[in-house]
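Trainee: Here is how the chains run, residue by residue.
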Amino acid sequence: MSETLSRGQQLEGFLKRVPIVQTLGMRCDIKGDDMTTVLPFQDKLIGNFTIKALHGGAIGTFLEMTAMAQLFLVSDVERPARTINITVDYLRQGKAEDLYGRARVIKLGRRMASVTAEAWQSERDKPVAALHGHFLLNRSGEQSG
Amino acid sequence: MDESISSLDKRIELMRQHMDGMTQVVPWARETGFKVTRVERGQVWGVQPFAEHLVGDVDAQVIHGGAITTLLDNLSGMACAASLEEFRFVATLDLRIDYMRPADSGRDIIGEAECYHVTKSVAFTRAWAYHDSRDKVIATAQGAFAINKPRPKASLGVPE
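Heads up: the protein sequence lines correspond to chains A and B, in order. With this note's numbering applied, the first sequence corresponds to residues 1 to 145, in that order. With this note's numbering applied, the second sequence corresponds to residues 1 to 160, in that order.
One or more hints might be untrue.
[To be verified] Label pairs and their calculated CB-CB ranges: (1) A:F49 / B:R38: 19 to 29 Å; (2) B:V58 / A:I84: 19 to 29 Å; (3) B:S7 / A:K126: 33 to 43 Å; (4) B:H117 / A:D33: 39 to 49 Å; (5) A:L108 / B:R16: 30 to 40 Å; (6) B:S7 / A:G13: 54 to 64 Å; (7) B:K149 / A:S6: 48 to 58 Å; (8) B:P49 / A:R79: 22 to 32 Å; (9) A:E12 / B:E86: 47 to 57 Å; (10) A:D34 / B:S105: 32 to 42 Å.
[Unchecked claim] Covered by chain A, per the in silico footprint, the following chain B stretches (three or more residues, Cβ under 8 Å): (11) 21 to 35; (12) 84 to 95; (13) 107 to 118; (14) 122 to 136.
No lab work stands behind these hints, which were simulated from the structure alone. Note that CB positions come from ideal geometry on N, CA and C, so glycine has one too.
With the sequences and hints as input, model every part of the structure.
Mentor: Okay, structure coming up:
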């Protein structure tokens, strides 16, 4: 991987190439090792038309990508980590509005990492969903299976 | 409340008749393209066809785990609907997903969900994602769903 690109630039380049990120329409705002992800509202993200709520699967996918992105940002692995498991708590109904996400790497080990992430809408302290997950770091030269 | 969805057996029959409709009215399910394939009492099966726009690992061309989250979350919620004696809306409280092995590129993923316990306010579910059989799972899920109070216009999400 290029020496001249910052971790943030590498991440942005990677996310642009990932189809599911494009399908979601997810963006990220990176400042050094600090990142906020944004999921601009689109009709296709809805799970329940009668109450115009975001689909839990779309929120979960967004949070998982947010956690993976933050982990990539603060680690030195060449390839994004692989998910071992995630738990998503759905705290409030996701409204037909933009969704924001932030993640924190709780522990960065040699092989595994523990990450939490939160998503919110108009009010930062009223999270819509929270994720906790474990990820397997893809170290080069080690078998990825 | 509509007679046809207040009784569980009739509701299951209605779900069977509207297997396509149940995902057609959910925009994000339409986007991922998964389908419901079978409904039994407390159990629902579905399939997520391989689709390039859901790929999360570009090199391996494997569908992102998020598509499995969507599939198992939705099927688990439906399994609750196929389990509650009286129809109620359910909302995911939490969902845990364990990824056992990556999905094969280009292959459909089968999802299976069951609602195995119901209390007055919470329904508990487990679910599996696999290609061939549950002997070789791609992912397993465990969920808890809040059972909402009845609403005046209860519907299955089935188009009129």
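Trainee: All hints are to be evaluated individually against the structure, with a verdict given for each.
Mentor: Consistency of the hints with the structure:
1. A:F49 / B:R38: 19 to 29 Å: holds, 24 Å
2. B:V58 / A:I84: 19 to 29 Å: holds, 20 Å
3. B:S7 / A:K126: 33 to 43 Å: holds, 38 Å
4. B:H117 / A:D33: 39 to 49 Å: Roughly 43 Å apart at Cβ, these two residues keep to the hinted range, so it holds.
5. A:L108 / B:R16: 30 to 40 Å: violated, 48 Å
6. B:S7 / A:G13: 54 to 64 Å: 55 Å Cβ-Cβ, so the 54 to 64 Å window holds.
7. B:K149 / A:S6: 48 to 58 Å: holds, 51 Å
8. B:P49 / A:R79: 22 to 32 Å: holds, 26 Å
9. A:E12 / B:E86: 47 to 57 Å: 50 Å Cβ-Cβ, so the 47 to 57 Å window holds.
10. A:D34 / B:S105: 32 to 42 Å: With Cβ atoms ~34 Å apart, the hint holds.
11. 21 to 35: holds (count 8)
12. 84 to 95: holds (count 5)
13. 107 to 118: violated (count 0)
14. 122 to 136: It is violated, with 0 qualifying residues against the three required.
The structure does not agree with the numbered hints 5, 13 and 14 stated previously, though it agrees with the rest.
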